[in-house]
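Q: I would like the entire structure built from these sequences, with the hints used as guidance.
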Amino acid sequence: MPAPNPSSVDSAAAPLVRVRGLTTVLSGQKVFDALDLDIERGKITAVMGPSGTGKTTLLKHITGQMHAAAGTVLVDGQDVARLPREGLYTLRERIGYLFQNSALLSDYDVFENVAFPLRQHTRLQEDLIRNVVLTKLQAVGLRGAARLMPSELSGGMARRVALARAIVFDPMLILYDEPFVGLDPIALNQVLKLIRTLNRELGITSVLVAHEFAAVREAADHVHLIANGKLVASGTPGELAKGDSPWTAQFFGGALEGPVPFQYPAPPLAPAFGFSGARS
Amino acid sequence: MNPRRSYAAGTGLFILLGFAALAYLATQTTSLVNFDSGPSYDVTAEFANIGGLKDRAPVKLAGVRIGTVKRITLDQRSMDARVTLAISDRYNQIPEDSYAKIMTSGLLGDQFISLSPGGSPKVLKSGSLIDNTQSALQIEDLIGKFMTGSGGSKAGSSGKK
Amino acid sequence: MKQLAVRLFDPLLDGLANIGRTGLFLLGLLTALPRGLTYPRELLRQLWFVGAKSLIIIMISGLFVGMVLSLQLYYTLSIFGGTSALGTVIALSLYRELGPVVTALLFAGRAGTAITAEVGLMRATDQLSAMEMMAVDPMAFVASPRFLAGVIAMPLLVAVFNLMGIFGGHLIGVTWLGIDNGTFWSNMTSNVGVWKDVINGEWKALVFGVFISLIAVYQGYTAPPTSEGVANATTRTVVSSSIAILALDFVMTAFLM
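Residue numbers (our numbering), protein chains in the order written: chain A, 1 to 280; chain B, 1 to 161; chain C, 1 to 257.
Read the hints as simulated data drawn from the structure, not as lab findings. Think of the CB as a built atom: it goes at the ideal place given N, C-alpha and C, for glycine as much as any other residue. There may be inaccurate statements among the hints.
[What the hints assert, rightly or not] Residues from chain B that keep clear of chain C, each with C-beta distances beyond 12 Å, as calculated:
#1 Arg-82
#2 Ser-114
#3 Pro-117
[Claimed, not checked] Now the stretches of chain B that chain C is said to cover, found in silico as 3 or more residues with beta-carbon under 8 Å:
#4 14 to 22
#5 56 to 63
A: If you want it as structure tokens, here you go:
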């Protein structure tokens, strides 16, 4: 449904998201340090990394919810940070975002949640809205749950409803923030299958922030590994699983010690217990 | 009924109730009650002292409310208070020589003007002047009288003329 | 010495910063308000939640306040032999002071906390971010209707409270204590003014409504996204609103008299 954007015609081969020199400081801590990465069109790209590396922060940069200290984030050729409010909102209508906790509006039932973006941004007839919403709910297998309230849904169902809501405008890009967390194996497989289907059949570019390498391996075409604010490894899941670099060895090989230390940075142990006698 | 409509109905009821309450308070519990709706004619009366008489105080005859105090001014020549009474057109047979007196309802109550009918065949008309008046009873004067025992001196009932 | 100064001034600075942030939030809210008006359905829903659902507590409280007022004032007035002024004194106390203040305190406890908890929970469960992601401004869709509903509801609730108070006072004064019905009403009607008393109180109600709604929405909107954060924000709504109501009441009484 998004209008064809001239820039997307010009640069059909160019990456949909291009991050250059991104530097972000959050409450005094450097989250990203001159980060460069690309998200290819029409592919499923996974962004992985140890906890606290700012993977969600990266998604917020792509949607313009957060501004960088330095560097640029280009989405479909547009500099997100420079967009005025209307431009940003127009861009966001073309991006689907799946929140970790689904973030369904608790005041509305499933149907109205999925219909929400349509009601806000279009003046479609009621029966047309109904058709679109039921089609999307059918796609995630929850047409029968249309009149349930969010509080009556299980975690997996809520996430599928959120997914139906995210695709109601047939976006060019979907951002999945930890889509597998807290799901039982059955629900996880359902979500995994949906992510793949949406990408293969609708050609929606997908960005996946996740920890579960097994699931990522199933779904992703490409994996970016971020650590210490930089891109430390990048490639297909198969390439990364070989564990050529110390990062991939620790992250995918499961070694306890590696570039990510077990110990949180601390002063030497002996003085902390008062053994050195050097009191100040 | 669909839930959205029942919200709307409940909210509408709440708004109506709120405005109805406000309208009731404003019109039924305030001095707005004392505005006579019908047409009236103006009569003036002069008092040496009106005490605590206020605008819109009732004018009564035989205890029946027949009008309101419309305006209170000071006549600079005679140094008397000039009170304009708006009397309802319905009461158009009040004798011209009626007697106007400022009275208090209860010890601490409000002051109002009480008319006592005279015997003249002529009646009060718009612009008439009531000659016979008695000023407000001043509690201070009353106490003063008791203290000095000088009943009936000039401080007491200063009837005009 | 320096530490003492810091300890003394820190809470003061915190308080000032809070007032400043609330003020800035109000600016944001006011700019979003025209866009908020494009969601009349939300406004209606919120009027239902903060207004209509507060009616019962307001009506019962109004009735009892009027009844107590009647008993207390009858006793006091009978000392001076002025019980005929009972209606006047009840009406004036209610319209000018008790109606707006008691209603505002109840409103802060009943509706203010509900707004804070609801908005805080929406923040904590990412619903506000989700709206932003769906290109819907939560300031316009969530904050504005709730703020506006509070501002509209307060004067209406005060009118209902006053009405119930008068009925309660009449019930005790006339039916129970035996004051003459005509005296009760005529004394009241000749001493109570529309503008100087009824509308004067409604002004207070409007101002209280603005402050309570602002504080409630602000606290919810900025609550830390944890259960503890939302709980603290709810408490702060009650405390800040109550102080604001009583302080503003003094200021407004001093200037409106």
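Q: Look at each hint and say if it fits the structure.
A: Against the structure, the hints:
1. The beta carbon of Arg-82 (chain B) sits about 21 Å from the closest Cβ of chain C, which is more than 12 Å, so the claim that it is off the interface holds.
2. The Cβ of Ser-114 (chain B) lies farther than 12 Å from every Cβ of chain C, with a closest approach of about 14 Å, so its non-interface assignment holds.
3. Every CB of chain C is more than 12 Å from the CB of Pro-117 (chain B) (nearest about 22 Å), matching its label as outside the interface.
4. Only residues whose C-beta sits within less than 8 Å of a C-beta in chain C count toward coverage, and the segment 14 to 22 of chain B has 7 of them, enough to reach three; the restraint holds.
5. Residues of the segment 56 to 63 of chain B with a Cβ under 8 Å from some Cβ of chain C number 3, which satisfies the need for three, so the listed coverage holds.
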